[in-house]
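Throw the hints in and build the complete structure from the sequences for me.
Protein chains: 2
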Amino acid sequence: MATTKLLVKMVMDRWNGSISNLNKQLNTLTDEQLEKEIAPGKNRGLYLLGHLIAVHDEMLVLLGLSEKLFPELHQVFIKQADKVAAQTPTVAELREMWVQHNDFLQEKFTKMNPEAWFEKHIAVSEEEFSKEPHRNKLNIIITRTSHLQYHMGQLVLLN
Amino acid sequence: MATTKLLVKMVMDRWNGSISNLNKQLNTLTDEQLEKEIAPGKNRGLYLLGHLIAVHDEMLVLLGLSEKLFPELHQVFIKQADKVAAQTPTVAELREMWVQHNDFLQEKFTKMNPEAWFEKHIAVSEEEFSKEPHRNKLNIIITRTSHLQYHMGQLVLLN
Chain V
477 MATTKLLVKM VMDRWNGSIS NLNKQLNTLT DEQLEKEIAP GKNRGLYLLG
527 HLIAVHDEML VLLGLSEKLF PELHQVFIKQ ADKVAAQTPT VAELREMWVQ
577 HNDFLQEKFT KMNPEAWFEK HIAVSEEEFS KEPHRNKLNI IITRTSHLQY
627 HMGQLVLLN
Chain D
477 MATTKLLVKM VMDRWNGSIS NLNKQLNTLT DEQLEKEIAP GKNRGLYLLG
527 HLIAVHDEML VLLGLSEKLF PELHQVFIKQ ADKVAAQTPT VAELREMWVQ
577 HNDFLQEKFT KMNPEAWFEK HIAVSEEEFS KEPHRNKLNI IITRTSHLQY
627 HMGQLVLLN
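Residue numbers (this note's numbering), protein chains in the order written: chain V, 477 to 635; chain D, 477 to 635.
It should be emphasised that the hints constitute simulated quantities derived from the structure, not laboratory data.
Check each hint, because a few of them may be wrong.
Identical chains share a label here; the pair holds if one copy fits it or two copies do between them.
[Said to hold, decoys possible] Capping the alpha-carbon separation at 20 Å, the derived lysine to aspartate or glutamate pairs in DMTMM-like fashion look like this:
| hint | residue 1 | residue 2 |
| --- | --- | --- |
| 1 | Lys485 | Glu604 |
| 2 | Lys596 | Glu543 |
| 3 | Lys485 | Glu608 |
| 4 | Lys481 | Glu591 |
| 5 | Lys613 | Glu602 |
| 6 | Lys607 | Asp489 |
| 7 | Lys613 | Asp489 |
| 8 | Lys481 | Glu604 |
| 9 | Lys485 | Glu595 |
| 10 | Lys613 | Glu583 |
| 11 | Lys485 | Glu591 |
| 12 | Lys481 | Glu595 |
Right under this line is the structure:
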């Protein structure tokens, strides 16, 4: 049991650290900088921010914590590539959604007890889970932290 | 005990997945592409590859597994920024070092039993560790996977 709590702390510390670093990074960037491409012909900062909110919104569902807060982002920031949608939220709107989403996640996460992280997530069946117990909720945090870091490495190029 | 093994698998799966994705990415890039900057005025692919090898070399020491395999990389790829060193290894040489380093890590990791991952790493004292047991060897893998993903998000820009 002590190990369970310890491991959850290790994984959640890295998640929280990644979110915190991304927040710091967003604070150093102006809206104009976030409207620029991270490299010539590549995604804009705006798109990456929308993409992260949309992916974290899917995570809420996967973890069985809630419906999506911003389901309208899925089409524009996951299904479609950057610069395809005729209209997207503004950077200012995305910044607000990002803060709101993080606050919501934080509130939900702090209410979970360590054991709950080892339950299966929504996208795996009971039968699969009995054979593959690593497909649990904590593993979703591990993979989404990886995803967050990947895009963090791109957002720093806007400075 | 079952939980310990499960947690180690979850963390190591993500590490191995990140290494595997980076290997695929390196295989899609020519040496010429790796000599280019990931974005105008930013680090070159060559520098990021050398940096990853140098950081993983430090990890070997932190985990108490071995001396560094390529100590000469520290100065050029960690202490110094890109384009400072008068001479660096070639991309071809770095590719070889990368493969050799991964093979070495893989061999060392497969020999570790799950409990060993919860021992303290080299940079933490016994006293600190008694209060902060999360500063263990597995945590080093969690943070280095984050680091790897961050630079992976940059290396994909070379395609």
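Hints versus structure:
{"no.": "1", "hint": "Lys485 to Glu604", "result": "between (26 Å within a copy, 17 Å between copies)"}
{"no.": "2", "hint": "Lys596 to Glu543", "result": "within (17 Å within a copy, 40 Å between copies)"}
{"no.": "3", "hint": "Lys485 to Glu608", "result": "between (22 Å within a copy, 11 Å between copies)"}
{"no.": "4", "hint": "Lys481 to Glu591", "result": "both (8 Å within a copy, 15 Å between copies)"}
{"no.": "5", "hint": "Lys613 to Glu602", "result": "within (14 Å within a copy, 32 Å between copies)"}
{"no.": "6", "hint": "Lys607 to Asp489", "result": "between (28 Å within a copy, 16 Å between copies)"}
{"no.": "7", "hint": "Lys613 to Asp489", "result": "both (15 Å within a copy, 15 Å between copies)"}
{"no.": "8", "hint": "Lys481 to Glu604", "result": "between (25 Å within a copy, 18 Å between copies)"}
{"no.": "9", "hint": "Lys485 to Glu595", "result": "both (16 Å within a copy, 16 Å between copies)"}
{"no.": "10", "hint": "Lys613 to Glu583", "result": "within (16 Å within a copy, 29 Å between copies)"}
{"no.": "11", "hint": "Lys485 to Glu591", "result": "both (12 Å within a copy, 17 Å between copies)"}
{"no.": "12", "hint": "Lys481 to Glu595", "result": "both (14 Å within a copy, 16 Å between copies)"}
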